[in-house]
Amino acid sequence: MHQIHNTLLMIAYAFVLLFVAASARSIPQPPSFIRIQNNQLQLEDGRLSTAIMSSIRGGAFDDDTDDDYDFDDSDFDFDDDDMFDFDAAEDDFGDDNTLTQIVDAYHKTPPLTKAYLTASFGAALLGYVSNKNDFPSILQLDWKPILTRLQIWRPLTAFLNFGPLGLGYLMTAHFVWTYMSTLERLNHNNPYDFWLMMLFGSVMMVGGYTMLGLSPRFLGHNLSTFLVYVWSRYHEGLEVNMFELFNTRAELLPWFFLGQTFLLEGEVPVLDFLGIVFGHIYHHYKTTNVLRTPRFVIQWYNGDNKYAQMLRLKYKDISSDFEM
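So for the sequence shown, this note's numbering puts the first residue at 800; every next one is plus one.
Think of the hints as simulated: they come from the structure by calculation, not from any bench.
The structure displayed is predicted, hence computed values, not measured ones.
Do not take every clue at face value.
What the hints assert, rightly or not - Each computed EDC-like pair below joins lysine to aspartate or glutamate, with the alpha-carbon atoms no more than 16 Å apart: (1) K913 with D1116; (2) K907 with D1116; (3) K931 with D941; (4) K1085 with D992.
To be verified - Okay, the calculated beta carbon distance ranges per label pair: (5) N1101 with D941: 13 to 23 Å; (6) N1101 with L1044: 42 to 52 Å; (7) P944 with D903: 34 to 44 Å; (8) L1090 with H906: 24 to 34 Å; (9) L1051 with H973: 33 to 43 Å; (10) E1035 with M970: 25 to 35 Å; (11) L1044 with V1076: 23 to 33 Å; (12) L966 with S936: 41 to 51 Å; (13) N896 with H1079: 35 to 45 Å.
Backbone N, C-alpha and C define an ideal beta-carbon position, used for all residues, glycine too.
My request is simple: use the sequences and hints to build the entire structure.
Shown next as structure tokens:
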């Protein structure tokens, strides 16, 4: 029976892929005010929207534009010493080069995303050392100690849980880093709007899980669905390539992952669906100006205190990536 169940799941998954691939052929190209240039998404007025990410949970942006190449004689001048420099080639694929890239990407990560992922890794490492690779119980969401012992940090630290430290943890962390850092970069001029988005999503998920009696064990993992939905609404109309198999629109990406969870994990993706619902609520409130950043937060960020000045300097470094 187990083998038959797995076979039916794979057949259903194949039908979903064929359906999405068929629908992708009828999907229009990105709107005319968006163009892809030098691996960057750019608006016609010259403002940079976001950098193209190499992969999106198995997918990547699709750029069908043909590049025109101009060659001259210097392109075909090869120096024998450089041509057979195996030491340089070995360095390109060495562990040191990979580690350097990781460290460089970490240093370029926006402030809140960096703090969030650093805290998550610290909590996972603490659980690995002290709790048999299980997330520390003192950081999990539990309303009894919150109300009786005033352990008010629990609703926040519960989002640090991406699962046990291992390959699954690293994949989830990379996934969260990809979308969260992109959204924070998009809001580099008004980072307090990004802070409000994260606070709104977190409060909605904690409240929703509590009212529905759902386990908040992997709140950090499920927050990624909220981030993907908000990201997809930022990039409506943009084509995304999935596994080099087919193209689909960015706004369909959360639903693809929803189906992927159902087919591959064999369970109803209630938590992922809640992430989409909360993301839609946020997008609706934000676009209708119902949800606005409180004025005192904006005044604090633009004030003269040393912490605000430090944050402004960090976001100023990010804004340089958007200058043309």
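So, going through the hints one by one against the coordinates:
no. : hint                         : in the structure
1   : K913 with D1116              : holds (14 Å)
2   : K907 with D1116              : holds (9 Å)
3   : K931 with D941               : violated (20 Å)
4   : K1085 with D992              : holds (9 Å)
5   : N1101 with D941: 13 to 23 Å  : violated (38 Å)
6   : N1101 with L1044: 42 to 52 Å : holds (47 Å)
7   : P944 with D903: 34 to 44 Å   : holds (40 Å)
8   : L1090 with H906: 24 to 34 Å  : holds (32 Å)
9   : L1051 with H973: 33 to 43 Å  : violated (22 Å)
10  : E1035 with M970: 25 to 35 Å  : holds (26 Å)
11  : L1044 with V1076: 23 to 33 Å : holds (28 Å)
12  : L966 with S936: 41 to 51 Å   : violated (24 Å)
13  : N896 with H1079: 35 to 45 Å  : holds (42 Å)
When held up to the earlier numbered hints, the structure conflicts with 3, 5, 9, 12 and fits the remainder.
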